[in-house]
Structures are given as structure tokens and as C-alpha cells.
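Keeping their order, the protein sequence lines are chains A and B.
Each residue of the first sequence is one higher than the one before, starting from 94 at the first, in the working numbering.
Each residue of the second sequence is one higher than the one before, starting from 94 at the first, in the working numbering.
These are calculated hints, taken from the structure and not from any lab test.
Just so it is clear, the structure is predicted and the values come from calculations on it, not from any experiment.
Treat the hints loosely; a few may be bogus.
Where chains are identical, the list cannot tell them apart; a pair therefore holds if satisfied intra-copy or between any two copies.
Straight line, CA to CA, 30 angstroms or less: simulated DSS-like cross-link-like pairs of lysine-lysine [claimed, not checked]:
| # | residue 1 | residue 2 |
| --- | --- | --- |
| 1 | Lys196 | Lys351 |
| 2 | Lys191 | Lys351 |
| 3 | Lys134 | Lys191 |
| 4 | Lys220 | Lys351 |
| 5 | Lys191 | Lys99 |
| 6 | Lys351 | Lys226 |
| 7 | Lys226 | Lys200 |
| 8 | Lys196 | Lys99 |
| 9 | Lys99 | Lys134 |
Protein chains: 2
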Amino acid sequence: MRDLVKGKRIVVTGSSSGIGAETARILTEQGAEVLGVDLTKNFDNVEEFYRADLSDRATIDALVDVLPDGIDGLVNNAGLPPTKPADILLKVNLLGLKHLTYKIVPKLADGASIVNVASLAGHGWPKAVDAIKASETLTWDNLDAFISRWQVSSEGGRSYFFSKEALLVWTMQNRWTWRDRGIRMNAVSPGPVDTPILPDFIETLGERAKEDRDTMDRPGTPQDIAPVIAFLLSDMTQWIRGFNIQADGGMASNLTCKAHGL
Amino acid sequence: MRDLVKGKRIVVTGSSSGIGAETARILTEQGAEVLGVDLTKNFDNVEEFYRADLSDRATIDALVDVLPDGIDGLVNNAGLPPTKPADILLKVNLLGLKHLTYKIVPKLADGASIVNVASLAGHGWPKAVDAIKASETLTWDNLDAFISRWQVSSEGGRSYFFSKEALLVWTMQNRWTWRDRGIRMNAVSPGPVDTPILPDFIETLGERAKEDRDTMDRPGTPQDIAPVIAFLLSDMTQWIRGFNIQADGGMASNLTCKAHGL
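Pulled out of the complex, with its shape left as it was, chain A reads as follows (with noise of 0.2 angstroms):
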């Protein structure tokens, strides 16, 4: 128990930044050999940095090729945010990291951990399930119409918020996929978090954003996130399967107990 993650390899995609950052750090910190995966290397926090654009479909497969056997973890962290095109956010937030998660599953060894990270904004996800479903079928190819048909376009950080919502019941639906070897699949939803991308989220949500952080003792930070993270990656985790822990300051539970006048 005392090692969290010693000795394991593990991918973090989105390492240059914020959250995914702060994990590569302290999963560095504590004896984990790191994978980085992002557009620019900011830090000297990984033991091996691969550049790569998670937006599209042949950079994911060159760089599964050139990952190492024997993964012991996937984070997939890397997301945009709502300020951004729907199209991309979609191809990042949800295809690019459902692709790559597939591909490099057959490099994971028996026992690995795929942790998601999502968001306090996938909360609402039960109002948005037939678009959901419909996402099954989702590629690179049909994105367009989808936008249009399920009204997820950038407005009001629409495509951000189904992007996580998809990706929390994406996380449910895989709790047993690679149970036969061991392999578990989780998610943590962070709220509002002090990081590069904290005025986008502003700048698209307003007065909720404004509500948020009146409600709050204050905003979370990447050293709040990353623990709950190598937790996840850790040894401890192994009989948690398909599920969201909220790491949000009680955002999540003050929501709940609102929705059901508690």
C-alpha cells in the first residue's frame, strides 16, 4: 500500500499541463516510470515525452506503435476545452481517446488501469442518454451530422459538456470489457480547478461559473486531482470497476442534494 505505483508504466496523455501535468509529477515522484503524451513538452516530468495530436485518428495509431509492451496505466487526461471548435473537442475529448484507448489496449499488461478523466460538467449525463446511445456509432467520418442532428455544438459549451457525459457512461459501460485479464476501466470527475484552461471555462459558462465559485470555499487545484488519480492507478483500486469518483469539493453531493430537495 505504501508504494502507490512504484515500478509501473503508465501513459498520461496531456502531460504538459494542468492535471495531467501534476499526476506525471508526483506518479514520476513516486518510483512510476511515465509515458507523456501532448503537443509540446513544458516539463522534465516523464521518463519518455511522445508528441502527438490526439485529434487525429493515424497520429494515435503511429504512436500506439511506438509504445512500449507492458503498460500498467492509462490516464487519459488530454481535453479541450469549451472555448474550442465542437468538431475538434469531439475528435479529443471522446473519439481520439476512446481510439487510442482500443488500440493500446493489446499493450496493457494483465492487471492495468485506464482512468478517464472527465468532469463535474458530465454530472447531468442521465438527461442526455439517447444522444449518448447514438454516439456508439460516432467516427471521423460522420462527426458533422452528429453535431447538427444532437445539437451539440460549442454553444454554451454544449459539445464540452456531452463530451463528458459520453465519457462517464463510456467509462460504466466498460466496467467488465477486460475483466477476463484483470483490467479495469474508472473515471474522475474534477470540478472547477485552478488550471491554464480555467478562463475558457469562464469565458463559455458565465453566471454558472460566477455561482460555482461563490458556492465554493474555493477552486480545486491540480494537487487536489492528481492523488485521487495514482490512486486510481494504485493496487488498492482493484475491486472499483465502471465508476466516477468526484473530486470536487462536494459540488457534485450539493447538486444531488438539490436536485432531490435535500
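For chain A, the structure is supplied; the task is to place chain B on it using the hints.
Chain B only, in chain A's frame:
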């Protein structure tokens, strides 16, 4: 991050069997000072042992009087199985648990963590919101009337289910009760676990327990659950508040997917 709970003073109720015993054992192993509470002492897994009947208000008061100050963690683990009479079950699992918690808060150190051991049996709490709201005024004195008014007798294990449903709601409601002192409350919900009370569950739940067994690849063990409790006691979880970690091999996720046709 390495020494999750080293040097922390932690009270564990129900420390003599099952999940509580394993929790006390690994906390002690990690260098915590464990104060165990139970009816009888079975193991040398604690620093100090306090004999107490947690169904009794006066006994709880007497217990808290002799506990030291500076407590960093409280694990509300003691609980009766569904085969017990409804009144004694609700006293231990709900009334006694709440009473102990409120009494012990003044002896908690700033930044302390309270962990309630709930259950997958509490998963359906949204359907019981009215009874749960009514239970806010439940005391030792109006228990019989409450059981009859809200139909929470032991039939079909209803009193057990209700005790866990109410515990999950109470956990959420207390997300920010002691926020000014940095004291957080969270829950852990195991699914079916191979402990001395597993036969009681099978006796009460019948077909449902069999269905669970067929769905799971194996029953849970105390070794699956105790590390999750240790995690919630550690400083790694200061941003997790009013939250319920479901450590059940994916059973809750399975129920949620089924309920939404996913």
C-alpha cells in the same frame, strides 16, 4: 503520499471482524494509532480497545468521554446485518452512528476525515427520500412509530436497506457541515463481501443474492475494501467531500447501466 495514514489517530468502530478488522489491521501496519471499538476484542490489530454497545446512547456518551482529543479519523464501520430486528438494527446502523459522530466532532483535529461504511444496499436511496427526510427527527424514543409509519421492518431486509440509504444521504448532507475546520465526511459502499455476515445477507435476500453471485466474477473481500477506507482517511482526499465511493467490483455501475438501458 507514501505514508497514507502514518501518525494519524483513528477511531474504527466494529474493529473486531470483517471489514473493520482488516481496516484496523492495515491502518496499524501503516503506522496509524488505531482506537478500536466493538463488543468484544478479537485481534491485536489496535493500539487501544474500547468495549462499547453502539445501540445505546448512554454507552456512546461514556465512550466519547474516555476517548482522547486530537482524533484525525473516524471510521463508522460497525453495522448489523439484515437478519437483526429492525429496532436494534436502526439503532446501531443509523441512530448510534449519527450520535457517535456528533459527539466525537469536538474531539476531532482540524482536517480530520470521517468515513461511513455504507453498502451497495443503499444505492436505491432516491426512491426513499420521503422516509429519509422523516428520519431526520428519528430518535431512540420514537423508533417503533417510525418503523411502522415508514414500513422499514426487517421483512425482506428493508430496515437494513433503509439504514444504508439514509446513511448515504446523511453523508451528502454533511459535505460542508464542518468545512470551516477542514473536516470532511465521505462514504464507502461495498457490494457483497465475504465476511462473517455474508450468510445473513444470503438468508434475507434469497434470489437477489444468488443473482448478484452469478453476475460477479468473485465475491469481494475485506482486503478489497480496507484500502479504499485508508485512502479516504489520508490527505490525498481533501477535495473529496460528501461523496460515496462504490467499491463493489462494478455492481453499482452495472445497476446504473441497466436502469438507463445502457
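Status of the hints after comparison with the structure:
| no. | hint | result |
| --- | --- | --- |
| 1 | Lys196 with Lys351 | between (41 angstroms within a copy, 27 angstroms between copies) |
| 2 | Lys191 with Lys351 | between (33 angstroms within a copy, 22 angstroms between copies) |
| 3 | Lys134 with Lys191 | within (23 angstroms within a copy, 50 angstroms between copies) |
| 4 | Lys220 with Lys351 | both (16 angstroms within a copy, 15 angstroms between copies) |
| 5 | Lys191 with Lys99 | within (27 angstroms within a copy, 39 angstroms between copies) |
| 6 | Lys351 with Lys226 | both (27 angstroms within a copy, 13 angstroms between copies) |
| 7 | Lys226 with Lys200 | within (28 angstroms within a copy, 50 angstroms between copies) |
| 8 | Lys196 with Lys99 | within (25 angstroms within a copy, 40 angstroms between copies) |
| 9 | Lys99 with Lys134 | within (23 angstroms within a copy, 36 angstroms between copies) |
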